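Using the hints, put the two standalone chains together into the complex.
As they're listed, the protein sequences go chains A and B. Residue 66 in the numbering used here sits at position 57 of the first sequence; the count goes up by one each step and never skips. Residue 343 in the numbering used here sits at position 122 of the second sequence; the count goes up by one each step and never skips.
Hints may contain errors.
Beta-carbon label-pair distances, calculated as ranges [to be verified]:
#1 Arg244/B x Ser24/A: 29 to 37 Å
#2 Ile192/A x Gln347/B: 49 to 57 Å
#3 Ser142/A x Asp276/B: 23 to 31 Å
#4 Gln121/A x Lys366/B: 55 to 63 Å
#5 Pro227/B x Ser11/A: 52 to 60 Å
#6 Gly406/B x Asp151/A: 30 to 38 Å
#7 Asn275/B x Arg179/A: 42 to 50 Å
Looking from chain A toward chain B, a few residues come up when the C-beta cut is under 8 Å (computed) [as the list claims (entries may be wrong)]:
#8 Phe25
#9 Leu35
#10 Pro107
#11 Phe112
Just so you know, the hints here were simulated from the structure itself, not pulled from any lab data. Just so you know, these numbers come straight off a predicted model, no measurement behind them. The beta-carbon is built from N, C-alpha and C at its ideal position, and this holds for glycine as well.
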Amino acid sequence: MSEAIHDYSGAFDPSFDHGRLDRETLVGLLRAYSNYIRKLDGHWYLSVMNKCGNDVAYDCDIDVWNKLMKFELKVASEMLNIRGGGVSSVAKYFQVSPWFWTFKPRLELKGQDRLEVTFDKCPTLLALEKEGSGRESQICSDMEQELFKTIAHHFNPKIKVAALKLPPRRSVDDICCKWEFKIERKR
Amino acid sequence: MTKLLPDYSGPFDPDFSHEKLSREVLLKILKENSDYLRRLDGTWYIKVMDKCGNDVAFECDYEIWVKFILHELRSACKLMKIKGNDVETLMKAMQSTSWMWIHDRTFELKNKKHGIITYRNCQTLQHLENEGTGRDRQICHILEKKLFELMAQYFNPRIKVNALKLPPREKGSDISCQWEYKLEG
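Next up, chain B with everything else stripped away, as it sits in the complex (with noise of 0.2 Å):
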């Protein structure tokens, strides 16, 4: 068997593929590559607004990722082998999406049917609040609900959504916003 690499350091090889690299390098590869989407999305907003304004980067940002999270969501639960549509699946698809990565997240399963996800010290909070302009009511309170409604929906439309936590946040706490997934009937 071949030697796995640790890195790229040696020779070009004509021949070179991740394949060919261990499995620690690549794990740090698929966290760096779920920053580098993070920091993507992030700067095409940020240009945006400052050419054309929140309004518009805001707009373009729905409108993206309503599209977008789906398509993650089927590519991520096609390579997981991820089937089903109760709430423990949606729990599974959402550790196994790029933003894993990214997020201190904890899951709760009380049982199949019910479940919390608690997010803390978000990234993209904390750049919100740093800028001050209130911009986490949009981000926060509208765009991360649809997407976990999205999400939900995708799996059952019987599964409902409900904010537990959303910013501002109290003081010191380090939960940026906790969500609670239902299904219903």
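One chain only, chain A, in its complex shape (with noise of 0.2 Å):
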């Protein structure tokens, strides 16, 4: 087997394929993927809104992302087998998931039935807060809600989803947003 490269500085090779690269770049495309990911998300939202209204544009991204996020979570937990209904297995998806990836969430597991996830930075959260339309309150609120409840639920529908904290916030050094994922078990 031919040594694995580093780039792809050295000469035209038509054969080439991404299976040559050392696993340092092909973490570092994985990263770069997830931020496009992120980028056209924001993207196609953005010039929605700007050419028919931010009632369209957010009735597309709700659409958009409730037929994506039951495919990347099939994907994901199918491809790196995660299993079981425990709050634990959302927190590994947190961990695995492309697009959570560029938002970095702090994961604590409170015993085998508690995970609180705090998102510390968050690069839609600065867009939104500098276009000043409030537009915050659906897509943390509403929207994440829908969204983490879809996570949660694929694990188990018996996990229970809350938000501990949401914008606005304070000022820039405050969190972004908590959540608690959490399944209440009958004593």
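What follows is the structure, encoded as structure tokens:
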């Protein structure tokens, strides 16, 4: 087997494929793809909003993500063999999802049945705060809540999702949002 | 050295990162993420088309991709250390973008100033052919041409792009489209 290459600075190779790259570069590419996904989605939202208004853009966004989130959950959990109905599966999904990779949420497992997810940084919220039109109330509370429910219920329909902290925030040093995923067991 | 993971079936690891995964699984994830990108783009297009019509959807698509393609190209060249200003450099860059995973393409470099790229069994074209509304004229003839020209100009404004084959394709042909790149002068 030929040695893995770190980049493609050498001569043109008609049969080049990414399988020849070393692990470090593959991880770099994964990070870049994750960034593309977030940016491409944002570009679509803004382009539609500018042409047809926020209501249409928001409706499309909901439809797009209702469909895509289910696809992503299926692919990520099957490919990485993330199974089980506990909140730890949700935590593991947050770590591997290409969407959430750019957000780097803080994941705290509080025992077997409770998970806290804190978003210290969020490029989407930063853009919304800069825009100043208050769209974060839709995106961060309504839409995120639904998406997080979809994630939780993929692993276990009994997992409840609650927002512990949501925008607007007092200062840029404040966290962006915080969520709780919890299984309530009957005694 | 820590053993690389073939998946994430073990217990939750607060320090998990993709660096802990094996090459094989990293490659699988990259391929899926590339497909994810295509699905995200396609799903947005269809939703906007359903709500606002094809003209608005195409306008958005065009506006987004003329910006986004250069972002992606810059990022791929930086990561892969691809430098230069000839057709060879352009072909290397096109081999390195996220679209490489989902398109069946062949690259024929005649010399550093002349190359031909052939796309076979393009999933987008197959979808458009099934849809049967003739949208391939917009997507393949207008948008793709514009994007290929932008990519060529990014390296050298003297690289000219010429479509050798475009949809509708001949019956039984697996070639979706074919493009020629020539550095003039």
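- Query: Which hint numbers doesn't this structure obey?
  - Reply: As far as the earlier hints go, 1, 2, 5, 6 and 11 are violated by this structure, in ascending order.
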